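Colleague: Spelled out from the first residue to the last, the chains are:
2 protein chains.
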Amino acid sequence: MNYEIFETKEQVLADNDLAARQNRASLQERGCFLINLMGSPGAGKTTLLLQLIAALGKRYRIGVMEADVDSDVDAKTVSEAGAKVIQLHTGGLCHMDADMTRRGMERLGLDGLDVVILENIGNLVCPAEFDVGADLRLMLLSVPEGDDKPLKYPLMFTVSDVLAVTKMDAAPVFDFDLDALTARVRALNPKMQIFPTTAKDPESFAPLFAWLTEKIEEVRAQ
Amino acid sequence: MNYEIFETKEQVLADNDLAARQNRASLQERGCFLINLMGSPGAGKTTLLLQLIAALGKRYRIGVMEADVDSDVDAKTVSEAGAKVIQLHTGGLCHMDADMTRRGMERLGLDGLDVVILENIGNLVCPAEFDVGADLRLMLLSVPEGDDKPLKYPLMFTVSDVLAVTKMDAAPVFDFDLDALTARVRALNPKMQIFPTTAKDPESFAPLFAWLTEKIEEVRAQ
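Line by line, the protein sequences are chains A and B. As numbered in my numbering, residues -4 to 217 make up the first sequence, in order. As numbered in my numbering, residues -4 to 217 make up the second sequence, in order.
Source of the hints: derived by calculation from the structure; they are not laboratory data. A couple of the hints might just be wrong.
Quick list of simulated restraints, FRET-style, between CB atoms [as the list claims (entries may be wrong)]:
| hint | chain 1 | residue 1 | chain 2 | residue 2 | range |
| --- | --- | --- | --- | --- | --- |
| 1 | B | Ser21 | A | Ala165 | 50 to 58 Å |
| 2 | B | Thr208 | A | Gly37 | 48 to 56 Å |
| 3 | B | Pro149 | A | Cys89 | 18 to 26 Å |
| 4 | B | Ala20 | A | Pro197 | 55 to 63 Å |
| 5 | A | Gly37 | B | Glu2 | 20 to 28 Å |
| 6 | B | Thr208 | A | Pro36 | 42 to 50 Å |
| 7 | B | Gly141 | A | Ala182 | 43 to 51 Å |
| 8 | B | Gly86 | A | Val214 | 26 to 34 Å |
| 9 | A | Leu150 | B | Arg98 | 21 to 29 Å |
| 10 | B | Asp106 | A | Asp10 | 21 to 29 Å |
A quick note: this is a predicted structure, and the numbers were derived from the prediction, not measured. Note that the Cβ used here is the ideal one computed from N, Cα and C, for glycine as well.
With the sequences and hints as input, model every part of the structure.
Modeller: See the structure below:
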C-alpha cells in the first residue's frame, strides 16, 4: 500500500475533548453544573425540561441553552417557565460541540447560575460523539421509538449517564418492553440509570429529579 | 422577548473562513493549486479524477486527498493511476472543513506537488457551506440525479466555479434536459462553467480539462 490512511475524525474529536475539558474546568470553578440533554426529535426533551425547571427551580438558579433547531418556540416556553434562556441556532449543523457550547455559555452568562442545561440537537447519532464538557449526559428515549434502539444507536446509550424513558403511558400501544430495553442498555452500559416517565403523570419524574439533585449536590460539594 | 438568539453556525463558518484564507495563502506560497471536488455519492467523482490524472499528469505533479468515506478502494485506484494519495477517514462526518483540509495537506505533504485535488464527502449539502481554501470548486451532477437539482441544492450550484455534468450518455433514458439544467444553474450562478461529459467517451472530458489547465496556469502565473 503506497498511501497513508489519516483518521481526520480522531483529530477533530481530540480537539473537541480538549475544549470539553476546558469547559468542565471553567464550570467547576464557577460551581455550575452542566447537563447535556439528548434525544430524538419529539422524544420529549422540552417537556422534561419544563418539569425539571418546575421541580428544581426553587432550589437552583437554572439556565438553558436551546440548540434544537427544529423548534423556535422552545426558548420562549422555557423562558416563560422562569429559566434564563439562550436560543442557539446551529443552522442545520447536526450536533453541538464543545467549542460551540463554550460560546453559548459565554453568551448566556453563567454568573449566578447553579445548573445549566444544554438541550442538544434532536439526533441520536452525532451528539453522542461530541463531549461538550457536561457533568452529566441525560438521554431520552420515547416509547414510540421502540425498545430496540440500543442496538441501532449503541454509542448514545454507552456514553450517557442516565436514561429517561418518556411516554411510558403508550407502552401497551407500541408493545414496548421495558425489561428488554433495560437488558439491552445494561449490556452496553452497566452503570446507566433508567427512569420510566410519562408527562401524563408529572409525579413520574420525581425519582429522576431526586437522583439528579443528588448528582448536582455531589459535584457542588467538591 | 427576554432571551437572545445566538447564531452559532455563523461563528463556526467565520472560524472556517479564517482557516480557509490561511490555507489559500499557504498554497499560493508553494505554487500549489487546490481543487475541491464535490458531488453526490455515485456521481462519478473518482472516474473524473482518474481521467484528470491521465490528462494532466504529464504536465503537473498531482496529489489527491480522498475524503469519500464510502469508498475504501478509491485511494488504491487513484494511487495506481500515478498520483500521490492520502485517504482521509472522516468517520461519518458529512463534510471536510478548512482545518481538516489543512491537516490532510500536511499529512499528504505538498512539496513537489503542482495540483492537489480534495475529493470531498459525497454530499450536495454540507460541503457547499465550508470553504476549504481551494482555488477552484468543481462540482459534479450526474444525469440520473435529474436536471431539477439546482432547485433543491441551490448553495452548491451557487458557490461552485465549474460544473461537470456526468453520464450524459444516459440523458435520453432519464429525460434529462441539459438546456433546462443550464438555465436553472445560470439563474443561481451566471458565471458557472458547464461541461457535459460521459465516461463512455473519454474525449468528452477534454474541454473541461483544457479549461482547468487555463485556470491553473492563471493562478501559477501570479
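Colleague: Decide, hint by hint, whether the structure agrees.
Modeller: Results of checking the hints against the structure:
1. B:Ser21 to A:Ala165: 50 to 58 Å: Once the Cβ atoms are compared, 56 Å apart, the range 50 to 58 Å for alanine 165 of chain A and serine 21 of chain B holds.
2. B:Thr208 to A:Gly37: 48 to 56 Å: Given range 48 to 56 Å: holds, Cβ gap about 52 Å.
3. B:Pro149 to A:Cys89: 18 to 26 Å: Holds - the Cβ-Cβ distance for proline 149 of chain B and cysteine 89 of chain A, about 20 Å, lies within 18 to 26 Å.
4. B:Ala20 to A:Pro197: 55 to 63 Å: Given a distance of about 58 Å, which is inside 55 to 63 Å, the answer is holds.
5. A:Gly37 to B:Glu2: 20 to 28 Å: holds, 24 Å
6. B:Thr208 to A:Pro36: 42 to 50 Å: holds, 48 Å
7. B:Gly141 to A:Ala182: 43 to 51 Å: holds, 44 Å
8. B:Gly86 to A:Val214: 26 to 34 Å: holds, 31 Å
9. A:Leu150 to B:Arg98: 21 to 29 Å: Holds, since leucine 150 of chain A and arginine 98 of chain B (Cβ atoms, about 24 Å apart) stay within the stated range.
10. B:Asp106 to A:Asp10: 21 to 29 Å: holds, 26 Å
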